[in-house]
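Protein chains: 2
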Amino acid sequence: MEYEEYITERQKRLARYAKAMGHPIRMYVLELLSRQSCCYSGDLTEILPIAKSTLSQHLKELKEAGLIQGEIQAPRIKYCLNWENWNEAKELFKHFMSD
Amino acid sequence: MEYEEYITERQKRLARYAKAMGHPIRMYVLELLSRQSCCYSGDLTEILPIAKSTLSQHLKELKEAGLIQGEIQAPRIKYCLNWENWNEAKELFKHFMSD
DNA sequence: ATATTTGTTCGGTAAATTACGAATAAATTG
DNA sequence: CAATTTATTCGTAATTTACCGAACAAATAT
Chain A
0 MEYEEYITER
10 QKRLARYAKA
20 MGHPIRMYVL
30 ELLSRQSCCY
40 SGDLTEILPI
50 AKSTLSQHLK
60 ELKEAGLIQG
70 EIQAPRIKYC
80 LNWENWNEAK
90 ELFKHFMSD
Chain B
0 MEYEEYITER
10 QKRLARYAKA
20 MGHPIRMYVL
30 ELLSRQSCCY
40 SGDLTEILPI
50 AKSTLSQHLK
60 ELKEAGLIQG
70 EIQAPRIKYC
80 LNWENWNEAK
90 ELFKHFMSD
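First to last, the protein sequences are chains A and B.
Numbering-wise (numbering that gives the first Met the number 0), the first sequence opens with residue 0 and increments by one.
Numbering-wise (numbering that gives the first Met the number 0), the second sequence opens with residue 0 and increments by one.
Treat the hints with caution; some may be incorrect.
One copy or two, it doesn't matter: identical chains are merged, so the pair holds either way.
[To be verified] Dumping the calculated DSS-like pairs for lysine-lysine here, alpha-carbon to alpha-carbon at most 30 Å:
1. K51 to K77
2. K89 to K18
3. K62 to K51
4. K59 to K77
5. K93 to K77
Just so you know, the hints here were simulated from the structure itself, not pulled from any lab data.
Please construct the entire structure, taking both the sequences and the accompanying hints into account.
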């Protein structure tokens, strides 16, 4: 799965971010965080009709893609956007879709 | 997999488009098409180090997501962006990421 | 010290994705 | 009509994703 010479780093990063956004639940979470700056996963399990373990997996995906981050505020975890990467993603998408 | 009441139609559409963009090969194709308006899959198989059947599958995904369309120009097929949906996607992403 | 709260990780299953080569389809060229 | 060109579809295998409930970990509250 190495297209090193054909596909740019930009394209790979865009694909990575897009993949992370490619699920309704994850879009929901991202949109929430972009509006209200942070939330606890408990807030989400109360709203969304999925098992908490499933939500945890989705949050993990978003974390691994770099789009969100969790700050421990025991016994809970406060989730926020990772602004650095979020802004990079914004920039990449903006540029990509502005042609 | 029905989150009807929690997740907006916008979010679902965004997720659908994002999912289609979530692979380096597909990003490459989209970027190419957004630059040069159209191409033949033969052009792509010459460049990209993947089997033509694999490419065909990726093109099918993009088609099913509504992002591209193919016009038969026998014996080849000319691929272009589906501008209507492409513009919708642009609009959705722009709005989503502008918060 | 024990119970409670909050979330992650584990184990498992079903479905989707990615990839390839071979077979097929459809039109054109010789 | 046969051979060639072009791209899709089929058959198959490996990997990843999505989902759940149960078990676990970590801190707080009783």
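Verification of the hints:
1. K51 to K77: within (15 Å within a copy, 46 Å between copies)
2. K89 to K18: Answer is both: 14 Å inside a copy and 16 Å across each meet the 30 Å cutoff.
3. K62 to K51: Intra 16 Å, inter 34 Å, cutoff 30 Å: intra-copy only.
4. K59 to K77: Result: close within a single copy only, 13 Å intra versus 40 Å inter.
5. K93 to K77: Both. Shortest intra-copy (28 Å) and inter-copy (27 Å) distances satisfy the 30 Å Cα cut-off.
No hint from the list above goes unmet by this structure.
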